[in-house]
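Asks: What follows is each chain in one-letter form.
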Amino acid sequence: GAVVSQHPSWVICKSGTSVKIECRSLDFQATTMFWYRQFPKQSLMLMATSNEGSKATYEQGVEKDKFLINHASLTLSTLTVTSAHPEDSSFYICSARDPSGGNVDTQYFGPGTRLTVL
Amino acid sequence: AQRVTQPEKLLSVFKGAPVELKCNYSYSGSPELFWYVQYSRQRLQLLLRHISRESIKGFTADLNKGETSFHLKKPFAQEEDSAMYYCALTTGGGNKLTFGTGTQLKVEL
Numbered sequence: 001g002a003v004v005s006q007h008p009s010w011v012i013c014k015s016g017t018s019v020k021i022e023c024r025s026l027d028f029q030a031t032t033m034f035w036y037r038q039f040p041k042q043s044l045m046l047m048a049t050s051n052e053g054s055k056a057t058y059e060q061g062v063e064k065d066k067f068l069i070n071h072a073s074l075t076l077s078t079l080t081v082t083s084a085h086p087e088d089s090s091f092y093i094c095s096a097r098d099p100s101g102g103n104v105d106t107q108y109f110g111p112g113t114r115l116t117v118l
Numbered sequence: 001a002q003r004v005t006q007p008e009k010l011l012s013v014f015k016g017a018p019v020e021l022k023c024n025y026s027y028s029g030s031p032e033l034f035w036y037v038q039y040s041r042q043r044l045q046l047l048l049r050h051i052s053r054e055s056i057k058g059f060t061a062d063l064n065k066g067e068t069s070f071h072l073k074k075p076f077a078q079e080e081d082s083a084m085y086y087c088a089l090t091t092g093g094g095n096k097l098t099f100g101t102g103t104q105l106k107v108e109l
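Residue numbers (the working numbering), protein chains in the order written: chain A, 1 to 118; chain B, 1 to 109.
A hint or two may mislead.
[Claimed, not checked] Residues of chain A clear of chain B, computed beta-carbon distances all greater than 12 Å:
1) PHE67
2) LEU76
3) PRO86
4) GLU87
5) LEU118
[Claimed, not checked] Which chain B residues face chain A? A few, computed with CB under 10 Å, are given here:
6) GLN6
7) PHE34
8) TYR36
9) ARG43
10) ILE56
11) THR90
12) PHE99
Quick caveat, the hints were computed from the structure, so don't treat them as lab data. Nothing here was measured: the structure is a model prediction, and the numbers come from that model. Cβ atoms here follow ideal geometry from the backbone N, Cα and C, with glycine treated the same way.
Please model the entire structure based on the sequences and the hints provided.
Replies: Written out as structure tokens, the structure reads:
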């Protein structure tokens with residue numbers, strides 16, 4: 001099946017610094033990728049939809065200047081948490097939509113990135 | 001706007017007992033429904049989707065448009081079924097997934 005990777009798997013940073021998280025589709029081209037945030041024992045909250053070659057679409061309440069998304073190629077999307085603060089500590093998960101499924105709309109998820117801001 | 005409701009945060013059953021994880025949705029159009037599973041320390045993975053009408057690992061789910069439900073069922077629970085289960089909906093066309101809050105299934109011996 002389709003595989004999505006994320007890097008790094010975990011990162012610890014100081015408050016005020018920026019952190020970049022990569023999401024790659026390994027064996028398919030993804031025109032659309034999604035970024036989620038998951039708090040402990042809670043569901044996934046969609047942050048933004050990333051479309052290759054165009055600006056990301058952010059969900060209500062998500063600061064686009066704080067969570068920069070770039071989808072420069074069909075296999076790579078990046079999420080940069082700028083000027084990170086402790087409240088940004090969370091589990092960030094990306095998913096990629098495999099368009100080869102025809103009318104079946106399936107997203108494949110990365111393993112997630114644990115961000116801890118000190 | 002669409003919404004997915006999973007009323008149970010935790011469901012505990014004994015091995016060999018039947019399992020039913022409830023999922024209800026609200027959407028005025030024709031949605032696509034999915035069940036995703038997250039085993040301990042693993043990524044979220046697709047379990048099944050209504051459009052495929054498939055049975056995966058003994059699990060089935062039928063879309064009931066009248067009751068706007070997509071309950072996940074398995075006749076005999078196994079220990080390895082213990083995991084977090086999420087019901088999700090999309091309106092199709094590459095649109096975003098809307099997740100329910102998830103149900104933790106615990107299968108006890």
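Asks: I'd like to know which numbered hints this structure contradicts. Please list them from smallest to largest.
Replies: 10
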